[in-house]
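Undergrad: For reference, the chains in residue letters:
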Amino acid sequence: AQTVTQSQPEMSVQEAETVTLSCTYDTSESNYYLFWYKQPPSRQMILVIRQEAYKQQNATENRFSVNFQKAAKSFSLKISDSQLGDTAMYFCAYNLIQGAQKLVFGQGTRLTINP
Amino acid sequence: EPEVTQTPSHQVTQMGQEVILRCVPISNHLYFYWYRQILGQKVEFLVSFYNNEISEKSEIFDDQFSVERPDGSNFTLKIRSTKLEDSAMYFCASRRGQNNEKLFFGSGTQLSVL
Chain C
1 AQTVTQSQPE
11 MSVQEAETVT
21 LSCTYDTSES
31 NYYLFWYKQP
41 PSRQMILVIR
51 QEAYKQQNAT
61 ENRFSVNFQK
71 AAKSFSLKIS
81 DSQLGDTAMY
91 FCAYNLIQGA
101 QKLVFGQGTR
111 LTINP
Chain U
1 EPEVTQTPSH
11 QVTQMGQEVI
21 LRCVPISNHL
31 YFYWYRQILG
41 QKVEFLVSFY
51 NNEISEKSEI
61 FDDQFSVERP
71 DGSNFTLKIR
81 STKLEDSAMY
91 FCASRRGQNN
101 EKLFFGSGTQ
111 LSVL
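Same order as they appear, the protein sequences are chains C and U.
First residue of the first sequence? That's 1 in this note's numbering, and the numbers climb one at a time after it.
First residue of the second sequence? That's 1 in this note's numbering, and the numbers climb one at a time after it.
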């Protein structure tokens, strides 16, 4: 079974700092996608960034980038120039390319950006 | 950007009652999902639905749960006889197709079973 592990339950940084959230996953598959979702206090799930496992190049979306290490099954999220609006729960997630493409989520990291 | 709409945003019910959670996926989407999140825990997959039938379901999705797309626009999750442990945020999601199509989540229905 596929599992996703986020080992940092909570993190806190000052505004404008850079923060990295960790994620590891376990799978025997070779074709899959990885995602980071943001869940603000409203509890809506917002896609931050995604990575195809077959792409070696790390995905970037403005201030958000990932460090994808396929051999190590590691998928960390870096937030640069953090803003107060980045305060949220962040979930790492995985899905296979085949089949129903259900998402498997990690436990989440609560990120607080302090002014 | 198009949205997945869920109603109601909050639902309170008594243990043993039936509840129906409603979702309107994005109109040209073909794959539909329900997820749930117990407070303070991770989001868990419940069921996926395609071509008017369940394509995959989790262990959580037992005989008390059912899904339906009754009229081509709504996608509902029914819990036949609610239990206290069914209290959670329920998210509906949809995507247009497979092959890395983006998954769109609704804003969730908070179900409280008393």
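Think of the hints as simulated: they come from the structure by calculation, not from any bench.
Ideal placement from N, C-alpha and C gives every residue a C-beta, glycine not left out.
You may find that some hints are simply not true.
Simulated crosslink set (EDC-like; lysine to aspartate or glutamate; CA at most 16 angstroms straight-line) [as the list claims (entries may be wrong)]:
{"hint": "1", "chain 1": "U", "residue 1": "K102", "chain 2": "C", "residue 2": "E61"}
{"hint": "2", "chain 1": "C", "residue 1": "K78", "chain 2": "C", "residue 2": "D26"}
{"hint": "3", "chain 1": "U", "residue 1": "K102", "chain 2": "C", "residue 2": "E52"}
{"hint": "4", "chain 1": "U", "residue 1": "K78", "chain 2": "U", "residue 2": "E101"}
{"hint": "5", "chain 1": "C", "residue 1": "K78", "chain 2": "C", "residue 2": "E29"}
{"hint": "6", "chain 1": "U", "residue 1": "K42", "chain 2": "C", "residue 2": "E15"}
{"hint": "7", "chain 1": "C", "residue 1": "K73", "chain 2": "C", "residue 2": "D86"}
{"hint": "8", "chain 1": "C", "residue 1": "K73", "chain 2": "C", "residue 2": "E29"}
{"hint": "9", "chain 1": "U", "residue 1": "K57", "chain 2": "U", "residue 2": "D71"}
Far from chain C, by Cβ distances over 12 angstroms, these chain U residues were calculated [said to hold, decoys possible]:
{"hint": "10", "residue": "Q11"}
{"hint": "11", "residue": "S48"}
{"hint": "12", "residue": "D71"}
{"hint": "13", "residue": "S73"}
{"hint": "14", "residue": "S87"}
{"hint": "15", "residue": "A93"}
{"hint": "16", "residue": "E101"}
{"hint": "17", "residue": "Q110"}
Far from chain C, some chain U residues (derived; all Cβ distances over 12 angstroms) [to be verified]:
{"hint": "18", "residue": "T13"}
{"hint": "19", "residue": "G40"}
{"hint": "20", "residue": "Q41"}
{"hint": "21", "residue": "S58"}
{"hint": "22", "residue": "F65"}
{"hint": "23", "residue": "K78"}
{"hint": "24", "residue": "R80"}
{"hint": "25", "residue": "E85"}
{"hint": "26", "residue": "R95"}
{"hint": "27", "residue": "G97"}
Undergrad: Would you mind marking each hint as holding or not holding in the structure?
TA: Structure-based check of all given hints:
1. U:K102 with C:E61: Within the cut-off at roughly 15 angstroms; holds.
2. C:K78 with C:D26: The given pair, whose Cα atoms are some 21 angstroms apart, is violated under the 16 angstroms limit.
3. U:K102 with C:E52: Distance ~12 angstroms between U:K102 and C:E52 Cα, so the pair holds.
4. U:K78 with U:E101: Not satisfied, since the Cα-Cα distance of roughly 27 angstroms exceeds 16 angstroms.
5. C:K78 with C:E29: violated, 25 angstroms
6. U:K42 with C:E15: violated, 26 angstroms
7. C:K73 with C:D86: violated, 25 angstroms
8. C:K73 with C:E29: holds, 11 angstroms
9. U:K57 with U:D71: violated, 22 angstroms
10. Q11: Holds, because the least Cβ-Cβ distance between U:Q11 and chain C comes to about 14 angstroms, which exceeds 12 angstroms.
11. S48: U:S48 is in fact no farther than 12 angstroms from some Cβ atom of chain C, at 4 angstroms.
12. D71: U:D71 is indeed farther than 12 angstroms from all Cβ atoms of chain C, at 23 angstroms.
13. S73: U:S73 is indeed farther than 12 angstroms from all Cβ atoms of chain C, at 21 angstroms.
14. S87: With a cut-off of 12 angstroms, U:S87 remains clear of chain C, as the shortest Cβ separation is near 14 angstroms.
15. A93: violated, 8 angstroms
16. E101: The assertion about U:E101 is violated, with a minimum of 9 angstroms to chain C.
17. Q110: violated, 8 angstroms
18. T13: holds, 19 angstroms
19. G40: The assertion about U:G40 is violated, with a minimum of 9 angstroms to chain C.
20. Q41: violated, 7 angstroms
21. S58: violated, 8 angstroms
22. F65: holds, 15 angstroms
23. K78: Holds, because the least Cβ-Cβ distance between U:K78 and chain C comes to about 20 angstroms, which exceeds 12 angstroms.
24. R80: For U:R80, whose nearest Cβ neighbour in chain C is about 23 angstroms away, the distance exceeds 12 angstroms, so it holds.
25. E85: With a cut-off of 12 angstroms, U:E85 remains clear of chain C, as the shortest Cβ separation is near 18 angstroms.
26. R95: violated, 8 angstroms
27. G97: violated, 10 angstroms
Violated hints for the displayed structure, listed by number in ascending order: 2, 4, 5, 6, 7, 9, 11, 15, 16, 17, 19, 20, 21, 26 and 27.
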